[in-house]
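Protein chains: 2
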Amino acid sequence: MRHRDLEEAGAQIILGNTYHLYLRPGDQLIARRGGLHRFMGWPHPILTDSGGYQVFSLAQRRKIDERGAEFRSHLDGSLHLLSPERAVDIQVRLGSDIAMVLDECLAYPASRDETAASMERSVRWAARCRAQFASIRHDDSADVAAISAGQAQFGIVQGGVFADLRHASAAATVAIGFEGYAIGGLSVGEPVDVMYAVVSETTRHLPDDQPRYLMGAGTPEDLVECVGRGIDMFDCVLPTRNARNGQLFTSEGRINIKNARYAEDDGPVDSTCRCYTCRTHSRAYLRHLYLAGEMTAGVLNTLHNLTFYLDTMRRIREAISLQTFDRFRQEFVRSASRLSLDS
Amino acid sequence: MRHRDLEEAGAQIILGNTYHLYLRPGDQLIARRGGLHRFMGWPHPILTDSGGYQVFSLAQRRKIDERGAEFRSHLDGSLHLLSPERAVDIQVRLGSDIAMVLDECLAYPASRDETAASMERSVRWAARCRAQFASIRHDDSADVAAISAGQAQFGIVQGGVFADLRHASAAATVAIGFEGYAIGGLSVGEPVDVMYAVVSETTRHLPDDQPRYLMGAGTPEDLVECVGRGIDMFDCVLPTRNARNGQLFTSEGRINIKNARYAEDDGPVDSTCRCYTCRTHSRAYLRHLYLAGEMTAGVLNTLHNLTFYLDTMRRIREAISLQTFDRFRQEFVRSASRLSLDS
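Just so you know, the sequences run in chain order S and V.
Per the working numbering, residue 1 is the first one in the first sequence, and the count goes up by one each step.
Per the working numbering, residue 1 is the first one in the second sequence, and the count goes up by one each step.
FYI, nobody ran anything at the bench for these hints, they're computed from the structure.
Computed from a predicted structure; not experimentally measured.
All clues stand as given, with none of them false.
Among the chain S residues that face chain V by a calculated CB cut under 7 Å, a handful are:
(1) F39
(2) M40
(3) H281
(4) Y285
(5) H288
(6) M295
To be clear about the criterion: a stretch of chain S counts as covered by chain V if any three or more of its residues have a C-beta under 8 Å from a C-beta of chain V, and this derived list gives those stretches:
(7) 2–13
(8) 18–32
(9) 259–269
Built from N, CA and C at the ideal position, the CB exists for glycine as well.
Let the hints inform the model, and build the full structure from the sequences given.
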């Protein structure tokens, strides 16, 4: 995607991966360029994650202890320690608008004891992250202060699928005090009704007047269902990764563009969609590009899926402001539940 | 590239590869979609090659005789015969605006005898292509006639590096009579001064009032030098292939974006360029995208190189209409001859 594509699709904020940017090209280089906005030429908001999730999923020989996460780079094997303080420092140098605290990501399923111990460590890390964030705020390092001026920091609620642990984590995280609150540790393999229940249980204990961010979710219906449970923000690879694999989201369910039934289909992916792909190309042509292995297939499919996701969020906001959200939700879930028109 | 990118870069015509389209998705399918313009959503001119070049460079176990080129598909090994008549039929079904005759592509170097025999066969094939083209023009197959209405057909002059063979080929091809004339068999490994000499020698024998098309060339300086020798049209993979490899054309010579010297370079690729890439991103960011293996690197680099090429042609046209072409040519070749600022 080009920045212009994201703007046209209605993106208000993008996510930068701290792990990747720290290793390459490096947060110090990005700070010298004036921060991530200037480095990449994106003048709108950016959220950065803490780097923890990629350490757990990509890095080699990682070791987690109270200090933080020690790991070897997946690029060159070099040894690094991502401590809570370090995760804050890196994000300050990147100069994102929203920085995330470092938390521990548990694999699913995990026992109650494991989950409790991990959640408690995440709370201790959150307190260290907030202290570091506050100390940098009053630091006299003028360059970095300028890059990160106005940066917000979000805490992350953990506690797995255990309602009382979620409650305890939310209370402790809110007690530390952040500009917003995320729910972590979901969308990791648990059944969808469990995820919805945990979201409901957790948002009950979060402030009404601060943003709530569900990390790593979800399907279009997850967006609608979780907004219905009090969530404001999401991030997910689904629209982009599925696009590269040929799976497209439409107002009538998902389609897989490589299916033979689209070989002679002159219609757009979604006749209700306003994106460049739907305005310009037929399903037959997109199928051809995909089967021919053209880079353009991934580009055009991604453009459509991102537009579908951002349109879904836009429609949710409209329905809320028109006080028609409940009806919207019922109708959306009914059409989206036709999970796949193909295969 | 998206179509919109090409339009913004100033592209007036694109080239479709008949070999690829014939094998996948198939010329019959494209004809059922209303032709290549409608299938791909490109409302501007399209030139199609004959398919011969890719048969020679990509297909397996190819056998050339008077009938045409027999080959096996590089996709599935299926056996095909690309005869002169077939090459015309396929391009009619694609419905391109300019169709090319089937010719034989000799490897360089080739002996005078080989070159003469091959050139003479290409002339015989050109006559067969023209006869087939004329018969389809008067065919009553309404659908295909509609798709290819107004299609032009270009002959191709062969003859290798031998001036008298080029002369004979040009005379014979012009005697058959086409809407335009191409020069084939150059840009295949011969020294650049030999190519320029052959171009000069060949254009002398082509009509002044019909388009001349140099196939497969070239560098930016080749465009300027060959327009100076009477060429109107070019096609070449150089701007797109080099872009994917990180080599960018600029008004001050070529640069390789992966070089370390650009790691902290906040300037655009070319400060005189109006393309989206130069307007939006720094060399430092483009280098990062390239080294990180991001698809966007190829996209943004290609957008720049195509804009550079199309701007070069636009500047040539302006200089000709202002009668300042000779001065433009001297200045352009002086700066472009700094072939690479790097490595």
